[in-house]
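> Going down the list, the protein sequences come from chains B and S.
Last residue of the first sequence: 152 (my numbering), numbering continuous.
Last residue of the second sequence: 398 (my numbering), numbering continuous.
Source of the hints: derived by calculation from the structure; they are not laboratory data.
Here the structure is a predicted model, which is why all the values come from computation and not from measurement.
By construction, the Cβ of each residue, glycine as well, lies at the ideal position given by its N, Cα and C atoms.
Treat the hints with caution; some may be incorrect.
[Stated by the list, open to error] Listed below are several chain B residues computed to face chain S (Cβ distance under 10 angstroms; list not exhaustive):
hint: 1; residue: G42
hint: 2; residue: K46
hint: 3; residue: Y126
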Amino acid sequence: MAMGYSEKVMDHFINPRNVGELEHPDGVGEVGNAKCGDIMKVYLRVENGVLTDVKFKTFGCASAIATSSMATELIKGHPIGEALALTNKAVVEALDGLPPVKLHCSVLAEEAVKAAIKDYYDRHQVPYDPALFADLDEDPHGDLVEE
Amino acid sequence: MQVYFDNAATTKLSARARESMLRVSDDIFGNPSSLHAFGQAASSELQRARETVARCLNAAPREIYFTSGGTEADNQAIFTCAEIGAAKGKKHIVSTAIEHHAVLHCLEQLEKERGFRITLLPVDESGVIKLQDLEAAVCDETCLVTVMFANNEIGTIQPVEAVGRFCRGKKIPFHCDAVQAVGHVPVDVKALSIDYLSLSGHKFHGPKGVGALYARQGMPLRSLLLGGAQERNRRAGTENLPAIAGMAAALEEAVSELGEVGPRLTGYREKLINGLLNVQRSHLNGDRARRLPGNVNFCFEGLEGESLLLLLDHRGVAASSGSACTSGSLDPSHVLLALGRPHEIAHGSLRLTLSRYTTQEEVDYTLAVIPAVVDYLRDISPVWERIMREEQEKAQ
């Protein structure tokens, strides 16, 4: 398999789920930067505390696209609380693993979801503990040792 | 359709090279160093291969040393000149910012561990060095100038003849990494005043794991490997005769077909370049004219190279990219950055490298597939969305 990607990664890369934008979204989160080669943008529709629709747009490699696709699949239709608990590890496991040099993509996917939820809270003046989003300002490349 | 457009990475073995390898493997298994008939048959075969390679470069047979490939040849030439320079207190080397890592990593080691001063000449936006920069860079301490013939990523051909003439005038050894050029464009070591030249068998439809170093008569050459007296004491180890014979056959074939293949590939290349220039916000990397016949290299704004590469692979087109993701590092290609491409644009690069087996149908198919895949990736890219928004705002 290309680059050591699992079949699931290739499937979510070639046939990504939930691609696109939402008109008048309730929350939007964008993380990453083009200089590093990956940017993810997640759009949320929230009804009664449930993520009734989720879309994404991603600039990046195959694993960046696949992790965005999987992350949106994992949270769509779920309450915000569950989406907030999404970890990069859960995304990696759902994709049957990622090559070590690509793990940062899963961190980015987790952060894109969190950034979108934070945006929803901010827009709708929902009170929250800022500690929940403390990781968002950090560079996801920073905590991982690249090969 | 399956299209192989990654011939700068490696090429398919030619029928003639394969035939040569099988013949030598089966019939000429002796050790060229042995005195008996089996050994002498092998020795003659080795000599014939050496004569063939020499003829293709306009060199003398005794100026050709067989190696394990281009990397070893680069290492041997560079470390020889560095050793000899260091012994004379000359510890300065001039090279370019866009060399292959087989050159750059040698220079980095000499700089870090041996106290050498390294000057990497910049290139202009089309990927060509300026002779004035070379003239300004060399000094009394310069023990080597190493400049590649043609770049592996962008195919740009350097002014080798002018560099050679300048170095010869200054009596500074000139090494040329010609791994991408030999077998693709005419290479005449005498006319170009080259002192050392590296080549690699598998870049011109020969086998992998074999190459050669040309060292001009009278130029010193130190062995990287210690052992037997093979290659006139310059490269120990029993010769890989089937590979050497295969490489010689492949080179002879490639050089004899240059006149026919070069113009054909240039035509395909121009068709691909013209087609891809029609894609909005695409940029050709490297000089359009001073270019290997089979090299096409583009940046597409708003997308990332690895995903482009893998989607093309999914559609049957095998290409390459200089994006960070394909290099396994965080930075995109040093060559694209040296051209002045910003990181975000350099990430979206695509290299197509053709061969003499390339067909018109493959070119047409690729030209149909790439714009569709580029459009798709841009559709899902927030970077492209931003670029388009900014364009609209500017227009208003």
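> Does each hint fit the structure? Answer for all of them.
Comparing the hints with the structure gives:
| no. | hint | in the structure |
| --- | --- | --- |
| 1 | G42 | 4 angstroms, holds |
| 2 | K46 | 4 angstroms, holds |
| 3 | Y126 | 21 angstroms, violated |
When the structure is compared with the earlier hints, a violation turns up for hint 3 alone.
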